[in-house]
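So you can see what is in the structure, the chains are spelled out below.
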Amino acid sequence: MKPKIAFFDFASCEGCQLQVANLEESVIDVAEVVDVVEFREVMTEQAESYDIAFIEGSITRPIDEKRLKAIRKKTKTLVALGTCAHLGGVQRLSNQWSAKENLKEVYPDAKEKNINKNEFFENPHHKAVDEVVKVDYVIPGCPIDRTEFIKVLVALIHGKKPPIPDYPVCVECKKKENICLFTIGKFCMGPIARAGCGAICPSHGSECEACRGYISHPHERAQIDVLEDCGLSADEIMHRKTMFTYKYVEKEKEESK
Amino acid sequence: MGESNTRLLQKKNTQENEKGVFMKVISKQDFSDFITTLINDESLDVHGVKAKDEKFVFGELESSDDLRLDYDTTILPPKKYFMPQYETLMKCSLKSPFDIKEEKPQKPLVLIGVHPYDIIAINQMDAYYCNDDVSKSYLDRRKNTILIGSDVLNIHDKAFFGSMNTGQVENGYDLFLTDLDDKVVIEIKSKKGKKLLNKAAMVREASDVEKQKVTAIRTAAQGKAKRGMKIEPKQWYSLLDQNYTSKVWKNQSDKCLACGTCTLVCPTCFCYDVNDEIDLKGNSKRVRTWDGCLLRQFSEVAGGEVFREDIKDRYRHRFFRKGKYLPDRLGFTACVGCGRCSTQCIPDIADPVKVMNLVFDNSETFIQDEDKQPKSISLDAIKIDEDKATSLHHPFPATITKIEDLTEREKLFEIELDSGEKLGHEPGQFVEVSVMGVGEAPISIASPPKRKRFDLVIRNVGEVTNKLHEMKKGDKVGIRGPFGTGFDVDQYKGRDLLFIAAGLGLPPLRSLIAHVLDKDNRKDYGKVTILHGCKEPCEVLFDSEIGKWQEIENVNVLRTVDRCPEGECWDGDIGLITKLIPKANFDQKNTFCMIIGPPVVYPFCIQILLDLSVPEERIIVSLERRMKCGVGKCGHCQINNLYVCKDGPVFNYKDIKDLPEAFE
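Sequences listed follow chains A and B, in order.
In this text, residue positions in the first sequence follow numbering that gives the first Met the number 0: the first is 0, and each later residue adds one.
In this text, residue positions in the second sequence follow numbering that gives the first Met the number 0: the first is 0, and each later residue adds one.
Derived from the structure by calculation, the hints contain no laboratory data.
Treat the hints loosely; a few may be bogus.
Keeping only pairs whose Cα atoms sit at most 25 Å apart, straight-line, the calculated SDA-like set for lysine to any residue is [claimed, not checked]:
{"id": "1", "chain 1": "B", "residue 1": "K157", "chain 2": "A", "residue 2": "D228"}
{"id": "2", "chain 1": "A", "residue 1": "K99", "chain 2": "A", "residue 2": "N115"}
{"id": "3", "chain 1": "B", "residue 1": "K90", "chain 2": "A", "residue 2": "I149"}
{"id": "4", "chain 1": "B", "residue 1": "K280", "chain 2": "A", "residue 2": "L17"}
{"id": "5", "chain 1": "B", "residue 1": "K280", "chain 2": "A", "residue 2": "P164"}
{"id": "6", "chain 1": "A", "residue 1": "K72", "chain 2": "A", "residue 2": "D50"}
{"id": "7", "chain 1": "A", "residue 1": "K175", "chain 2": "B", "residue 2": "K103"}
{"id": "8", "chain 1": "B", "residue 1": "K284", "chain 2": "A", "residue 2": "V33"}
{"id": "9", "chain 1": "B", "residue 1": "K284", "chain 2": "A", "residue 2": "D165"}
Take these sequences, add in the hints, and give me the full structure.
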């Protein structure tokens with residue numbers, strides 16, 4: 000029996016599912032080892048239960064939480080797919096403001112009565128999947144890396160722990176013999192960001208923004224010292240800390256309360 | 000020696016060397032044509048130094064213009080050719096996992112433009128990978144390479160090879176280039192090099208003036224690349240030895256990102272990780288990748304314990320490995336002054352010049368202790384026994400002949416090698432058990448050497464052990480080993496023995512207890528006392544066997560559990576194992592005491608034994624760390640200067656009591 004796998008999307012750009020849909024020649028091999036039973040982006044069928052459910056997107060409204068909990072009940076293994084599911088995504092930055100303020104900002108001309116009591120607009124507040132249900136594994140990244148998706152899938156099929164690295168992007172960057180961005184006047188979260196992306200951004204001269212989150216024990220103080228020494232202001236540092244990783248900042252705020 | 004397999008690798012392998020240095024000269028144009036000829040030769044891979052934006056890297060040369068002998072330093076050292084960042088050690092299909100395939104070496108590699116300090120680092124790497132257990136994959140790559148050195152024409156502002164005496168090199172290369180603007184001086188060092196140079200046109204002997212110019216370039220480079228290091232390379236040893244607790248380690252590591260850069264870019268950092276990968280088609284690869292001691296999971300064991308959790312400990316370990324531990328083991332200071340870590344560390348705390356000077360400045364006293372120096376060895380005298388070269392990570396097939404459930408978490412596996420041979424282990428040694436496609440786990444051998452089959456007691460704590468627990472009688476596993484230093488059974492002859500086994504410490508001790516209590520050996524040893532403790536009665540291992548031991552004459556068994564939940568039966572003591580020791584009633588003057596258990600038990604048990612006046616040298620322990628390779632190469636299991644997988648796991652307390660990392 001091939002394992003049944005399913006994909007579900009919540010608040011996201013659906014880019015991670017698109018990565019899966021675009022697996023190209025590997026798609027045939029994937030179909031050899033699993034049965035895709037639900038995947039809105041490529042098929043209309045639905046299923047009663049799954050062995051592995053991949054969840055994309057952040058969890059935003061009460062109706063989303065309800066739907067996610069229902070999926071959790073129907074699946075043996077649940078995998079958060081991509082940054083939005085893993086950490087809440089860039090949209091999580093909107094948690095800095097109240098739901099009301101956000102609605103006013105996004106729909107300035109909407110009549111209040113159309114928004115109130117409409118479940119689609121009810122109390123939007125972004126959460127990572129693991130803040131709502133138990134997450135077994137995470138495939139991080141914005142978007143996810145296709146090769147890594149396959150590695151994780153194969154590992155799960157063989158009962159192995161998915162090989163998501165717990166070392167920083169610097170390791171992959173050095174192995175690729177990239178010129179360190181810090182030496183050419185750029186800044187980067189690579190020293191504390193989780194690797195696995197093959198240091199794709201620094202390899203193309205772009206600063207790492209930690210879309211895969213931090214490693215499990217980041218020396219964050221040292222990273223901030225480095226950015227300060229490079230002349231970054233507190234605001235600029237906060238910008239780098241919050242692009243994809245506002246979840247950590249929210250946690251810090253909660254803990255300091 | 001002649002043409003026998005035992006020979007020196009690329010060293011003194013031509014008669015010419017003994018007569019003196021052979022220096023040739025070639026015009027710039029002819030040199031350029033020579034490089035073009037090599038590049039066009041399809042039987043060769045030609046790599047050399049070339050530009051990458053404003054920096055330099057070793058890479059494939061596409062034209063002779065790519066070659067930049069005027070480079071200052073490369074981002075990564077040439078170690079990547081001998082120990083690639085990602086190296087497939089073996090391949091197999093999960094359908095027939097022991098039909099193992101190796102990747103064959105590629106075409107011969109010509110590597111052009113290696114600076115003297117990097118050649119010295121490669122010589123050190125030879126010593127490391129070809130010491131004791133000779134790595135076949137390393138040796139194959141090394142022998143497959145024609146190494147062409149080059150003098151340093153432009154000195155990187157962070158380089159300090161002048162301070163490390165590594166600006167000139169005597170051996171380890173085939174040809175050596177000195178670019179004199181309009182011509183290139185080429186020293187021929189080996190037959191391989193001489194043969195390669197035959198492809199060049201118009202080579203003539205170097206004149207005395209030209210030779211003098213070469214000497215002048217070398218002397219100038221050596222003199223310039225100093226950067227004010229306050230101590231000599233050979234003084235690193237004493238300075239570090241006297242400053243393990245220097246405040247410099249903490250002060251500096253407060254700024255450390257623990258990103259691993261300093262180890263990855265270092266030409267003398269050789270540690271690695273090994274993992275099994277599976278692809279969609281069910282093929283498996285065993286892969287070696289670069290690892291580094293600054294990374295947190297480097298010292299993590301399957302149970303999740305991290306032995307160098309504090310960044311300070313990791314930061315210090317790197318300097319001690321270079322200046323003290325490798326000198327202890329191989330006789331050289333493992334820093335060649337290339338300045339790569341100094342350049343690439345973002346918070347600028349990795350620079351050996353700065354750090355050694357800081358340690359020196361903060362050292363209240365510094366005594367150059369000549370007696371405590373390790374023996375220094377000459378790198379050109381390293382003998383490599385090529386016959387001993389093996390694929391270090393290849394397991395041998397074995398079959399599970401019996402599985403017994405011991406507790407909820409532990410099972411006993413009886414295993415027989417498919418070769419039909421005995422494992423040939425000593426009590427206290429361990430094996431690496433492979434589940435193909437999943438990985439390896441180090442497991443202590445739980446049975447005495449006498450039997451043909453051997454026992455492993457395996458707790459389900461990680462991926463590999465998890466898979467092992469799903470296996471059935473008749474299934475295949477891979478075995479490497481036996482590894483390490485076990486118990487010295489001869490040393491204990493005529494003595495009484497006290498065994499202190501806490502929790503999973505019993506299985507490795509069982510290999511020795513069963514050996515000692517074997518009817519053929521029993522007469523060699525005196526009174527045997529066995530203390531066994533675990534958390535609860537349900538965790539007791541080998542219950543009936545312990546009962547049988549108790550019936551043997553002059554054997555005393557005392558047992559305890561930390562607690563006994565209601566409804567469970569227990570007729571032994573209740574309390575920690577330490578409480579049993581005073582009750583053991585053993586002769587302190589004539590007893591060897593063996594302790595094995597989780598890390599927490601050692602300090603307490605040892606202290607009680609010392610308080611009872613047991614001499615330090617009669618206390619024997621067995622330690623656990625992340626033994627990944629089993630052959631002293633990957634670096635994960637180090638306790639200060641010792642490799643648990645080779646020097647241990649069984650240690651005499653006296654030998655390790657002063658090692659801060661032993662009982663942390």
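Here is what the structure says about each hint:
| no. | hint | in the structure |
| --- | --- | --- |
| 1 | B:K157 <-> A:D228 | 20 Å, holds |
| 2 | A:K99 <-> A:N115 | 10 Å, holds |
| 3 | B:K90 <-> A:I149 | 19 Å, holds |
| 4 | B:K280 <-> A:L17 | 23 Å, holds |
| 5 | B:K280 <-> A:P164 | 23 Å, holds |
| 6 | A:K72 <-> A:D50 | 11 Å, holds |
| 7 | A:K175 <-> B:K103 | 23 Å, holds |
| 8 | B:K284 <-> A:V33 | 22 Å, holds |
| 9 | B:K284 <-> A:D165 | 21 Å, holds |
Checked against the numbered hints above, the structure violates none of them.
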